[in-house]
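Undergrad: For chain X, the structure is supplied; the task is to place chain D on it using the hints.
Chains as they are written, first to last, in this note's numbering: chain X, 1 to 232; chain D, 233 to 751.
Keep in mind that the hints were calculated from the coordinates and are not lab data.
Misleading hints may appear alongside valid ones.
Partner residues are not named here, just some residues of chain X that face chain D (Cβ under 8 Å, in silico) [said to hold, decoys possible]:
1) G49
2) K65
3) L67
4) M85
5) L86
6) R97
7) K100
Derived DSSO-like pairs: lysine-lysine, alpha-carbon spacing no greater than 30 Å straight-line [unchecked claim]:
8) K119/X <-> K536/D
9) K602/D <-> K129/X
10) K120/X <-> K555/D
11) K528/D <-> K119/X
12) K528/D <-> K10/X
13) K555/D <-> K122/X
14) K125/X <-> K536/D
15) K625/D <-> K65/X
16) K125/X <-> K625/D
17) K531/D <-> K100/X
18) K119/X <-> K555/D
19) K602/D <-> K10/X
Take a look, some chain X residues computed to stay more than 10 Å from chain D by CB distance [what the hints assert, rightly or not]:
20) F22
21) P35
22) L117
We treat Cβ as the ideally placed atom computed from N, Cα and C, and that holds for glycine.
These are the residues of each chain, in order.
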Amino acid sequence: MLQVNHVTKKYGKLIANRDISFQIGDGEIAVLLGPNGAGKSTIIKCIAGLLRFDGEILIDSLGNKTLNAKHRLGYVPEMPAVYDMLTVGEHLEFMLRAYKMEDDGTADRLLERFELLDKKDKLGKELSKGMLQKLSICCALVHRPSVIIFDEPMVGLDPHAIKQLKEVFLELRQNGATVLISTHMIDSVEAYWDKAYIMKDGAFVAERSASDTSEISLEDLFFALTEGGEDA
Amino acid sequence: MSALLYLLSHKAKNRVKEIFHRPAELVLLLVGVALVVFVIFSGNMDVNPGSFRPRAELYAIIFALYALVFVLTAKNGFVNGASMFSMADVNLLFTGPNLSKTLLSYGLFSQMGRSLMLGVFILYQYSWVHNQYGATVADLFVILVGYAMTVFLGQMAAMLLYSFTSGSDEKVRIAKGVFYGIIAAFVLYFVYLVARASGDNILSRVLIAAASPVLHFFPAAGFLRLGVVGVMEGNVVRIAIGLGCFVGSLILYYVLVSVLNMDYYEDVLKATEVSFSAITARKEGKAQEMTPRNVKVGKTGLGKGWGASAIAQKHNVENRRGKVLLLDLASVIMAVVTIAFAFFIKEMIAGFAMSIYLLIMTIGGGRWSKELTLPYVYLMPEPPFKKLLFMLKEQVPVLLTQSVVTFIPFYFIFRCDWLTIIGFILGRTVAGFLFIGVDLLLHRWFGVGGNKALLIMLYFGLCMIAAVPGIVVAVVLYQIVFLPLAFCVLAMALFDLLLALLLLFFSRNVLSVSEFNNK
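Bound conformation, chain X alone (with noise of 0.2 Å):
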């Protein structure tokens, strides 16, 4: 469970998240909806625990600085970071023993899912945009976290990457992980999201669940609130 508790996040006089909560369940898919520049990765960055921020972040329930908060919490960043002179499988191995976990199979499970298991021996210098993307994806997920957030994941992802990435989040859903996606791209998250958020100027402009019965679409919803239309 991730819950976001009055979040406010300045740079100097700047405010990038204005006094931000909301709360994701286990076994949910929220998506996170916004303008460039509407505060989404700033907030992403909070919850990941690499910004200073106000308010409160838990991880199923622990303060996200915490240790265990972190042992529990999956971050693929919005532009994918990886060593240089590492080669793929080593990437998944360092996570692995980073997080003092043992390889029960899933470093290759995921590069296989994701066309990276034939690269396993290359290095991060000499992987396609794609092909860091999706490495930047095993590596946020080898060591099978409870709450996983991505910032704007399928930039740059070919479309078996896609589908498959679609597939994880299905599956990260019905094993009761805690998923929150950052997007821009609304219709690439339309058909599985139990929750959404609209962001606008650093604060939720609107909140929806799949569950609501509204007549306008999310779709919809987002180009009224952020061209200029009301709060909703």
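TA: Chain D alone, transformed into the frame defined by chain X:
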């Protein structure tokens, strides 16, 4: 006003405005300037003009610095070139109705400003340059301008080399042969001059050789040294020759790049993309390192490491692949400079001080600093201090090896006792961690981003301040308590170790609450 002039002037204007709009940067700038002023004022105290060393030594040092900087900058042309353009320049200007020659001039002007900023470390040399050679603040500024011109010409030469050699291994081989052949010819001639010079000692012979007119022909460094010395001595002819050669070289490079290779855009684009991806990656949290063109993967797998110790094991694997040796070229140069300095000055304490001083400039190059630009080390569920120590583990053998190589020759030069040598080795190794502590503290305060030039300025100043308490302890024990030098140096090492641990402890949270961000 032409569009390019408008762009140049507004970029400069906005850069200045930005500093005033960001209080932290303004404070950093003021602190940096205050540190320069402090160095200048503290350096001015108790100077006896009669005790100045020969100016020829300073001129030889200037030549060595310029030559080293020019060679190291220009040789980038064999790898990926050096770009004086930003990605925005490439996308907006190269595709626009601009003459390639005009754009080259624009790139040169933009680069000049950056080169000047890079040389800010020279201002911190005032204290010893003034005390040893009686150099004034104006002299130092002239050296700084000469340094900027050297970097500038080095960049041009790199671009030229890249333009001519890109895409052809054969051309690279030929150009490398010519490039290193010229350097080797000068080095051999210099050695020949030293051998046949008549002087009381090796230092005087080196100085005679360094003053040889033939060295004025060394690319960039030779004539720029001549011009800089001309300004310092008020010799108009030398200034004219230096400046004339600079302008002449500039025109030559300009003509060669723009006329012989009119379509230099492709070469610039490649170099700019490399540099842009490096900048973007840095901003967005991706580790950057100079990796060899061909990497031999060798044995795969980490094999060892659990929790935080996996970081250290990962570094071992990365270093093996990246061919990062315990002693790289920069370390060897540092060791040679230190040994030569101590030998010529005939003062082993001065040599020790020089080694510490040079260490300040290179300590940020370890793998730990790259680690801070990636998210994994922050996300890892381990105590921050433990992660920090394992992250720095690889520096222990590196610093120790550098120190051993630097100070073992001291034993043979000065015939001192081994305990003093051990003191120097430990003192320098510990000082390395002290400076890493300072760097980490700056990361803790300012995050991964921030104005690089200002941070470098602040880093230099803080390193010097951090080194002062240990020096005071050693001086008190040596001058007042009259302990043997070895004990004083060991005491300083112990004091610095405690201070380094304290700094590391204070900055441990850099791995838990860092403002890790791509802003």
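Undergrad: Now tell me, hint by hint, if it's right for this structure.
TA: Structure-based check of each hint:
| no. | hint | verdict |
| --- | --- | --- |
| 1 | G49 | holds (7 Å) |
| 2 | K65 | holds (6 Å) |
| 3 | L67 | holds (4 Å) |
| 4 | M85 | holds (4 Å) |
| 5 | L86 | holds (6 Å) |
| 6 | R97 | holds (4 Å) |
| 7 | K100 | holds (5 Å) |
| 8 | K119/X <-> K536/D | holds (22 Å) |
| 9 | K602/D <-> K129/X | holds (20 Å) |
| 10 | K120/X <-> K555/D | holds (21 Å) |
| 11 | K528/D <-> K119/X | holds (15 Å) |
| 12 | K528/D <-> K10/X | violated (45 Å) |
| 13 | K555/D <-> K122/X | holds (17 Å) |
| 14 | K125/X <-> K536/D | holds (23 Å) |
| 15 | K625/D <-> K65/X | holds (24 Å) |
| 16 | K125/X <-> K625/D | holds (24 Å) |
| 17 | K531/D <-> K100/X | holds (22 Å) |
| 18 | K119/X <-> K555/D | holds (22 Å) |
| 19 | K602/D <-> K10/X | holds (26 Å) |
| 20 | F22 | holds (21 Å) |
| 21 | P35 | holds (17 Å) |
| 22 | L117 | holds (14 Å) |
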